[in-house]
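Q: Here is what each chain is made of, one letter per residue.
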Amino acid sequence: MSETVLHVEDLRTSFFTRKGVVKAVDGVSFHVDEGETLGIVGESGCGKTVTGLSILRLLPEPAARIVGGRVLLEGTDLLKLDKRKMRAYRGKAVSMILQDPMTSLNPVYSIGNQIAEAVRLHRNLPESMVRHEVISALKLVKIPSPEMILQQHPFQLSGGMRQRVVGAIAMSCHPRLLIADEPTTALDATIQAQYIALFKEIQQQTNVAIIFITHDFGVVATMCHRVGVMYAGKIVETASTRDIFKSPRHPYTAALIDSVPRLDRKDERLYSIEGQPPSMMNLPRGCRFRPRCTDTCLPVCSEQEPPEVQIGDSHSVACWKVA
Amino acid sequence: MARGERDNGSARRARIMMQVTFIVPVVILALFVLTAIFAPVIAPHLPTKTSMPHRLLPPFFVEGGSTAYLLGTDLVGRDILSRVLYGARISLSVSLLVIFITGAVGTIVGIIAGYMGGTTDTIIMRTTDASLAIPQILIALLLAVTLGPSFKTIVLALSILGWAPYARLIRGEALRLREADFVAQARIIGSSSLRTMIVHIFPNVVNPLIVIATMMVGLVILMEAALSYLGAGIPPTTPSWGGMVSDGRNLIDRAWWISFFPGLAIGLVVLSGNFLGDWIRDKLDPRLRQL
Amino acid sequence: MADILLEGRNLTKHYPVTKGLLQHTVGWVRAVDGVSFAVERGKTLSLVGESGAGKTTTAKAVLLLEKPTSGSILFNGKDLNEFSPSQLKTEYRARVQAVQQNPWSSMNPRMRVRDIVAEPLVVNTKQSRKETRARVSELLEQVGLRPDHGGLYPHEFSGGQRQRIAVARALALNPSLVVLDEPVSALDVSIRAQIMNLLKDLQAQHNLSYMVIAHNLATVRYMSHTVAIMYLGQIVEYGEAEPLFEKPLHPYTRALISASLLTLPEDEAEGAQQIVLSGEMPSPLNPPPGCRFHTRCTESSSTCAEVAPELRPLGKQMVRCHHYDD
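As they're listed, the protein sequences go chains A, B and C. For any residue, its number in our numbering is found by taking its place in the first sequence, counting from 1, and adding 834. For any residue, its number in our numbering is found by taking its place in the second sequence, counting from 1, and adding 893. For any residue, its number in our numbering is found by taking its place in the third sequence, counting from 1, and adding 5.
Fair warning: there could be bad hints in the mix.
On the chain A side, residues computed to face chain C include the following (Cβ under 7 Å) [to be verified]: (1) T1019; (2) A1023; (3) L1090; (4) S1113.
Don't read these hints as lab results, they were simulated from the structure. Cβ coordinates follow ideal geometry from the N, Cα and C atoms, glycine included.
Bound conformation, chain A alone:
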């Protein structure tokens, strides 16, 4: 029975703007165990990136603030830590990889320097050991000839290599949890496949828990053990990857999967979900997906938001018709 590394309970994050309050994350709960990858899937604006940033408390202030919930990392509530203690966790116990390898690395510092910075900040090692740790981190992400890479600068590397370096920085302090926000979106298909294979290996070696934020179902299928589907600030369905694909229960999940073209067969006509995600400042009453839901809706769908209901082994759905 693996240990739960992260437990998020009823997380709420809002953005305060001149035009109103945007409840970007509105009561999100999930957990991730060690050695497990949880995928958070959703489209732009659903709140998945904000969720990741909230866990690390990296939100742009003063516009955004976490307004409720708990984020328990191996029992410690990260939201209750003061800034200094949180900094000790960030980069060490919890690490993050972002989407764009171009801007994740500082163009004026060498690769070695950037990885060393992470090591020096978080681990109390004598200077002589730092270089050794940097090289181990590079070896972990399978960068060929790591000693040569140390002196190079980001512009000398390809996108795939840069993303590996970013991975090395993230893993250099042996985190318990790694949050990856669309790390493969900017990469080519074959490089993406390499990267995912690499991370699966790293996970097996280090037992790190991973939260993989993405909109790409292909990536979810290959990389994740469990998936949470987000829509308009809430999680609408959580299940094992297999169940999400083979038996999705929430209409949004099902519609989303149907609207993605398949490569293994010729689709005659793609299903397309009408309309667009709701404006986060003007949410409809009741279920947020109701305006676009093509199943016949019950009266309660327009009145109250559906609660998350467990419907099977680690499968939960927030839909009145499934309750």
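For this one, chain A is given, so just place chains B and C on it according to the hints.
A: Coordinates of chains B and C only, in the frame set by chain A:
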């Protein structure tokens, strides 16, 4: 404003600061523009009227001063307040005219250089570099000596090299915009280079142009003041702030007000222009925008 | 006999790499190296590949944004090199339009939507303002928007809606061919289907030909009649979409398909092997000798490292690979 949910205090404070840093400079500048326009109506005395019995009077709040001459008088009894008010006309009209001319020329030249590239760009940029390298004061003095000091001379003197900074900055913007997708799109539908520059490039450089121009207000006023101070600007009969500062320079110990008040006016306008420019730049910066 | 609208013959585009004060050429980036293709009237040809494959450069050549180093483009059978400049504008440019990848940067943020959609008409025709306005309303409705949307600015629309505006603009001149550069990759997953369906409907309605640049194979399979798989400036496999996807021949095609398929963990255990290529695409400055793909190919032999294979027909496809030489 948020309803129901408590608003974020520090976000609100930041917004108020944004508004204050806009309102104060705008009000100050507006006041100066109004005084420039209505000087003949507001000024208590004619700026050129001398009055020997009342020379070197201090401002009214200092002992020995008089309420007839609120800010004091100069060596020949002319009212400082009236001269400052009339001086606004010169300073503001010179700077606005210069900014308009240099802005227009600089923008056109910059867009052509940035968009067309190649030899055109090289020629224009070398000319710009040369213009930036020549000290403006020198040219201005030369012109003043050859053409005689006058309103036209000073406008010419400040414009002849003043377009160069605009050209440089706008060229940078044009270079960036040239690579934009919508510019490629214009080519795809068959738009000519001239049309693309006017319809697509120009409207998108207006923002940086405004920021530069507001910041230049202060700079141009200072240059005009410097030239007048050196005697190469407006002839001394017409009051200009720079000239007034110059007039008072030998009397600083005995009659500080002669240089002080025109100097204060210059300072206020320059600072307001700079704050306004900062505000406009921040307002247009997408990163500071909220959702 | 297929009705061919646009044909590329042996297109090559090399960019010089210069060094030093006098800018002398030290090498060539062989972005596109001998690419031939044909777009049939009313059908879709997709150019597929990863970054550096040369598909965008090929598209730019078709759009006259780049001049090929050698090779020719034929439109309705006539070589573009034989068109006069004014013919190029009226007979080619007006018939070949584009939809770009990024719906946020492909429109002038300072122009209203109706002016954006009308611009091709303003530049190329002498229509009255009334006629233009009517046409713009018609176009907006065709793409699923409303005529009153014309008064708004691009930033007031979502990504999917902006792409619709881009399509409306592309259709303004009644083109024969629309070049679509990654038309849906910047959009949300649920919006992609909307736009792809719209494109297919418009194709059927107006007998439009499409040249689609894409890297997502599933999108390509849904949209295309013919597919060209590109690697490092060359076409490595070419043919009708269905046969190609059912039975991919080139090892690179197979790797691409494998990287794009949804493989659930237990499918993997059952033996649906994932093909993971090693290394990265080499630089087009210095393509590997022999077959350009041999450095990453799981099946390369010594011939592959020495002799460059030709694009040869095999069944319904054309493939550039020594394994099929016999």
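Q: All hints are to be evaluated individually against the structure, with a verdict given for each.
A: Evaluation of the provided hints:
1. A cut of 7 Å between beta carbons decides the hint on A/T1019: the least distance to chain C is about 10 Å, and the hint is violated.
2. For the restraint placing A/A1023 at the interface with chain C, the shortest Cβ-Cβ distance is roughly 4 Å, inside the 7 Å limit, so the hint holds.
3. With 7 Å as the threshold, the beta carbon of A/L1090 comes within range of chain C, its nearest partner Cβ sitting at about 6 Å, so the hint holds.
4. With its C-beta approaching chain C no nearer than about 10 Å, A/S1113 sits outside the 7 Å limit, and its interface hint is violated.
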